[in-house]
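Trainee: Protein chains in written order, with the numbering used here: chain A, 1 to 290; chain B, 1 to 208.
Please keep in mind that the hints were generated in silico from the structure rather than gathered at the bench.
Mixed in with the good hints, there may be bad ones.
[Said to hold, decoys possible] In silico DSSO-like links for lysine-lysine, alpha-carbon gap of 30 Å or less:
| id | chain 1 | residue 1 | chain 2 | residue 2 |
| --- | --- | --- | --- | --- |
| 1 | B | Lys173 | B | Lys17 |
| 2 | B | Lys173 | A | Lys179 |
| 3 | A | Lys246 | B | Lys198 |
| 4 | A | Lys33 | A | Lys231 |
| 5 | B | Lys198 | A | Lys231 |
| 6 | B | Lys152 | A | Lys111 |
| 7 | A | Lys111 | B | Lys62 |
| 8 | A | Lys49 | A | Lys25 |
| 9 | A | Lys49 | B | Lys86 |
| 10 | B | Lys206 | A | Lys179 |
| 11 | B | Lys126 | B | Lys46 |
| 12 | B | Lys46 | A | Lys231 |
| 13 | A | Lys96 | B | Lys62 |
| 14 | A | Lys231 | B | Lys206 |
| 15 | B | Lys126 | A | Lys179 |
| 16 | A | Lys84 | A | Lys96 |
| 17 | A | Lys96 | B | Lys126 |
A quick note: this is a predicted structure, and the numbers were derived from the prediction, not measured.
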Amino acid sequence: MQDLTNEILELIRRTSSSLPPDVEKRLRASIEKEEPGSAARGALETILKNIDLSRANSTPICQDTGTPIFQVHYPLGWSTIQLKAQIRAAMVEATKRSYMRPNAVDAIYDKNTGNNLGGDDFPYIHFEEVEGDELTIELMLKGGGCENVGRQYSLPENSLGAGRDLAGVRKVVLDAVQKAQGQGCAPGVLGVSIGGDRGSSYIKSKEVLFSEMGTRNTDPQLAELEERLTKESNEMGIGPMGFGGKTTVLDTKIVGLSRLPASYFVSVSYMCWAYRRRKLTVKGGEITYD
Amino acid sequence: MKQITTPVSDEAIRDLKVGDSVALSGMMVTGRDAAHKWMIETFIKKTRPPQGDDLQVYEELKKLLNGSVIYHCGPVVSGLDTKEYKFIAAGPTTSIREEPYQADVMKHFNVKGVIGKGGMGAKTLKGCQETPGVYFHAIGGAASFLAQTVTKVHGVFKLDFGVPEAMWVIEVKEFPVVVTMDSHGGSQHTVVEEASKKALEGLLEKPY
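The shape of chain B in the complex, shown without the other chains (with noise of 0.2 Å):
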């Protein structure tokens, strides 16, 4: 299993291949539905004027992002009351929901992995070549296990989104994925769908 440490260097990330099992370690940010749609329309599209606390998380975003990690979590977390933030439960959830965003949220944040399930499509493929960056795949539903990797919650940031869909900025201790999207253009994703396509249509073609 290969370690990476938060922020990674663009060789680092050339460095990782479809099939690699990673521990990753450091500082990330959550970030899913909302956040996504968020940052492309007030800081990428610029289609929605900034509002509130806007344009400060952007500028605290900007440094945490830079050459880390965004993580597609809405987790369970404990001490909501007294701000003793701790995840209770914390596993992927389905990232093609963010392929129209996620490109260009890495290229804009220089983000160099995004972690998620299930994986995502073209524009996201060619993200990962030009950024560059990889594609994580972490296990779905684990997430009383992936919790215990989540060593501190740092803070939050849109909590008004709701705490699945905040931006909850923490750090972890051998997270464990594997990477199904390099950055040279692989994606098992795209590999099993095609090797799949062929065998259901071989299943079709079957007598009842």
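This is chain A alone, in the form it adopts within the complex (with noise of 0.2 Å):
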């Protein structure tokens, strides 16, 4: 089995310094919409700035790399034992790097390890087998501001008049998107999922955040309430960085699971402007990032 431990560690790199076009490109776009000279939009500029910089200097976008969430999709003939020590090891040297900050702290003993290994789930890895001859992982970094506003509902939420149907799931969202206020970093990216018991539903609220910007789902209902949602959370005015303004969030990504009969979870995932997502494909000895 070939070593990818150092394509590994590129991946890292790009993604904790270079941040994906598709998200880059709606934020460059969202600068017209503030008012010339506010903090709304001098919050945008500075980002932009930061942006540049980090790629061209290959520093980390933000300070908090975030927890290293992968996914691996690897047809019949890799080792998932092989390819999660390659994993750790890239994620140990990445570390020295300094591409990464070391942000695996011991929660009982609150020692932090230093290298960004803590325990078996730290970093988090998916593994799943795939049709076909093409290995491919993915690495998102989500900061920790971001992840702590994300929230989660048990349907019906009689405090918002939120019932156990769509109506129901937009209102929930609006309320996470008002109670986030700025503090996961707006402009943000919801991803949001419906069912599944709450281990499931956070997971894939996460899941769905791995695909592009502007992505709908293939459900016309919940296309439209994705772009309804994304505009909506726009007219609640708390803008870049919570300074007040018209960019609050960039993108909704909504996701439909099975649930049982008793439960009705919707969860949101928040995730921050600095939106790192990176993948690495290996197909027929042929390396090629994205």
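Given two chains presented individually in distinct reference frames, assemble the corresponding complex, making use of the accompanying hints.
Mentor: This is the structure in structure tokens:
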């Protein structure tokens, strides 16, 4: 089996320091919506300068290099034990090179391990075997500030008049955006999952964030709700950094799951503007990054 | 843009109003969750006896923080092996987690400014009026950009808290911030929160 440690290290460097072009494009487009001279516009201008600088210098876009979330799709013939060891080795090296901040803290003893390895689950890696001959490793870095403002609702949520239907989903998602204010480093992107149990619901609300900006759900009523939630979130005037302004949410992505008859969960994962996600593909010995 | 250099006078602080853009220069100290809990428990409420180098650090902090600024930041730092420290990425972290501690820390050490992101609550706002002090909002996530304003890392306290939680003594030049909470009781965060709450109520009334 091919050793991918160096390639994974490069994936981490790119993810931490180079924001995907689709995200950058949205941020650039949103500048024009904010008043010249406003704090909101100033925030976006600084954000864009920072994006250029991080890319040029291979330095982290944000000092909170977040929870590393890996998704590995592998064809027959690859060992997940070896891939996991390579991911972990790359993470240690990336920390030494300052692409990553040491971010794994033992929750009981408050000790930072210093190398971004924390028990068996940090970094978080999801493996899935696929047909064909292409191996892909996707990485998302999700900062703590935005993770902290994520929310899960169990419908009905009477305080909001939110019942167990898409009308109720709309209400709780808007509530989550209002409660987040600027603390998730707005403008953000919403990953929303409807259904599942408490665990799968949160996991899927993050997985949906691996898709590109503007990707719409294939179900027309969910696609419509995605558009509507983005638009209505921006009507609340929270703005970049919560300074007040027109740009609060850049995009919304919804995924529908199965649920138990008794349960109706809605999970909202808030992704900050530093929406760091990159992909490594191995096919026939060829390596590509995007 | 107003220029402010630490240490800052009460007069200069009272002169600052919500919405002012400020370029900060001079010495400041980083401190976030572990540091605030430690300062409160060990020196302010004294619920935990000082240990190790605590008292020595306390004496240093009293001098450094007097009239100065605390920065809510957990940086990425290079040179950990050689102790030739350099800030690589250093944006603000979410400040609201320090809400239980901040006002007491400001008053105890005469801290004139707190840099962070996301704003803080009523207790800190009152602390800003009493000290007097202000809350400076930096741009969350703009870590490479902000690290470039850090001209020198003078040293570090409590590195055993881990790199992000340690208290780094830094010198900055024209670090850009916006005043979002002032010493006169003004808070941009309260304004935006109330307006957005009203807007949310309107949206909830709309039919699907």
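Trainee: Hints first: check each against the structure and report whether it holds.
Mentor: Each hint, compared with the structure:
Straight-line distance between C-alpha atoms of Lys173/B and Lys17/B comes to about 21 Å, which keeps the hinted pair within the 30 Å bound. Pair hint Lys173/B plus Lys179/A does not hold up; C-alpha atoms about 34 Å apart against a cutoff of 30 Å. Taking the CA atoms of Lys246/A and Lys198/B, the gap is about 16 Å. The hint holds against a cut of 30 Å. With a CA separation close to 13 Å, the supplied pair Lys33/A and Lys231/A stays within the 30 Å bound.
For the proposed pair Lys198/B and Lys231/A, the alpha carbon gap of about 17 Å is at most 30 Å, so the pair holds. Proximity of Lys152/B to Lys111/A is assessed by CA-CA distance (about 27 Å); at most 30 Å being required, the pair is judged to hold. Taking the CA atoms of Lys111/A and Lys62/B, the gap is near 26 Å; set against the 30 Å cutoff, the hint holds. Among the hinted pairs, Lys49/A with Lys25/A is consistent with the structure: their alpha-carbon atoms are about 13 Å apart, no more than 30 Å.
A distance of roughly 20 Å separates the Cα atoms of Lys49/A and Lys86/B; the hinted pair therefore holds under the 30 Å criterion. Between the alpha carbons of Lys206/B and Lys179/A the distance comes to roughly 19 Å, so the proposed pair stays at or under 30 Å and holds. Taking the CA atoms of Lys126/B and Lys46/B, the gap is near 23 Å; set against the 30 Å cutoff, the hint holds. Restraint check for Lys46/B and Lys231/A: not satisfied, since their Cα atoms lie roughly 50 Å apart, outside the 30 Å limit.
For the hint linking Lys96/A to Lys62/B, the alpha-carbon distance of about 33 Å lies beyond 30 Å, and the restraint is violated. A threshold of 30 Å between alpha carbons decides the hint, and for Lys231/A with Lys206/B the separation of about 14 Å falls inside it, so the pair holds. Only pairs whose Cα atoms come within 30 Å are accepted, and Lys126/B paired with Lys179/A is accepted, the gap being roughly 22 Å. With a C-alpha separation of about 19 Å, the suggested pairing of Lys84/A with Lys96/A holds against the 30 Å cut-off.
For the hint linking Lys96/A to Lys126/B, the alpha-carbon distance of about 42 Å lies beyond 30 Å, and the restraint is violated.
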